[in-house]
Amino acid sequence: MPELLSWDELPAGGAVRPQEAERPRTGGWRTGVRPEVDLAQCVDCLLCWLYCPDSAIVLDGTAFAGFDLDFCKGCELCSVVCPTGAIEMVADE
Amino acid sequence: MIESRLLTGGQAVAEAMRQVDPDVVPVYPITPQTPIIEGYAALVAAGRAHGELLDVESEHSALSAAIGAALAGARTMTATSSQGLALMAEIVYIAASLRAPVVMAVGNRALSGPINIHCDHSDSMLVRDAGVIQLFAENAQEAYDLMILAPRLAEHPDVLLPVLVCQDGFTITHSAEPVSLLADEDVRAFVGEYRIPEPLLDVAHPTTRGPFAMPDYYFELRHQLGAAQQAALGVFGELAEELAALTGRRYRTLEPYALDHAEHALVCLGSTGGTLKDAVDTLRADGEAVGLVEVRSFRPFPADELREELAGVRRATVLDRADSPGGAPPLFADVAAAFAGSGVELGTVVYGLGGRDIHPEDVRALLAASGERRTYLGLRGEPCRA
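Those protein sequence lines, which keep their order, are chains A and B. Using this note's numbering, read the first sequence as starting at 2 and increasing by one per residue. Using this note's numbering, read the second sequence as starting at 9 and increasing by one per residue.
No lab work stands behind these hints, which were simulated from the structure alone. A hint or two may mislead.
The following label-pair restraints were derived from C-beta to C-beta distances [said to hold, decoys possible]:
#, chain 1, residue 1, chain 2, residue 2, range
1, A, R24, B, R322, 53 to 59 Å
2, A, P54, B, R203, 32 to 38 Å
3, B, D166, A, P19, 24 to 30 Å
4, B, G81, A, D45, 38 to 44 Å
5, B, G81, A, G33, 42 to 48 Å
6, B, D31, A, V44, 49 to 55 Å
7, B, S66, A, L5, 34 to 40 Å
Please read these numbers as outputs of a predicted model, since none were measured by experiment. Ideal Cβ positions, reconstructed from N, Cα and C, are used throughout, including at glycine.
Isolated chain A, as found in the complex (with noise of 0.2 Å):
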């Protein structure tokens, strides 16, 4: 958990800058279940990328490299959209 700021320190209205959208682990919200890949089924046509709302698919150019768990909050999209069935949802420890 980040340090919470006082309310002097905090901007005007609560605005929110691109750096400080990453500071919320919103990953700790997960519903119970964590995306995992088969990179072998795996076709890179990142679709994943697309749907996933909270970008937390991680890329190496335009290959597909993993999840970002610190923000994914399990709700299967990438699962459902991937063509090639490459993504499985597991129990999250």
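Got chain A; can you put chain B on it based on the hints?
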């Protein structure tokens, strides 16, 4: 160059809008504010004012559009009354919280129900705690002057809050009186360019506005509004000095009248101040030690100044043109908080609801009835008392 013209308050405020020349004006008509936006729309149609006039579908939309424009980087004004302000209420809180420096003329009118179109302050009091600044004019001249001061106050970096310029419906909005108008170039020079920190159209410095704030941040962000209100007391004074250099009229957050050696002070908001000044003059001539304070800035409430001005009085009677059924009337509540433990005896009067007139001669009755803690001026029937 100062020009004097016979204008209603509504016309004077429309003229102030033409001179300030805001960039965006989202509006929806409602009595008794309509003459303001009608007057301004006529000026736009004639090519004499240059704001983008947005005819939206409701007051809720008017203020929503105003917030977007103000945060995008455009000087923005609007106007409303009564039910319009009630429909906006949700967005009034959001405008304050988003720190959108929108200037809004309010033609004060009683809230339904029963439905009514005449003046009282129940509409303003509905948004008392939103975080917006509320300035009350006594007459058309003050409505004009405050409408010119308001953008600077709203946009000041230590303030950044919506400012409501409140003027009594019909009594001010529709009554003609001589109004001294500033030269256009003086108004332009006074208001200057619109500048706010991080306008949304500054795409090189993007920000997200209106974030979700959970229990860990909501409290802090609401507290910022109190700090901005506090700062506004000082900023108002500085701007009033600057404006006085142009107009010769020096505004304060409150206006003391005949308080020298006063034993009994009346406290009020809005056009009733004019009536009470006449009443006080008559009473003074009769040897009664009565004075008056008109509260010009209801939010922020100038509690320290009020205590200073009334330090010598034995009793203060607060006149509220709004009631809080089952509780203390709103202006009285603030005055009572300011004088808690001071030994000043307080009286509270509710008057003029739904536009019922108050006359100078009514004031004598208030003084006579000063033993009573609460009076309902002119109410038929024995008042119900807690």
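Review point. Against the structure shown, which of the earlier numbered hints fail to hold, in ascending order?
Key: Nothing - there is no hint that the structure violates, so all of them hold.
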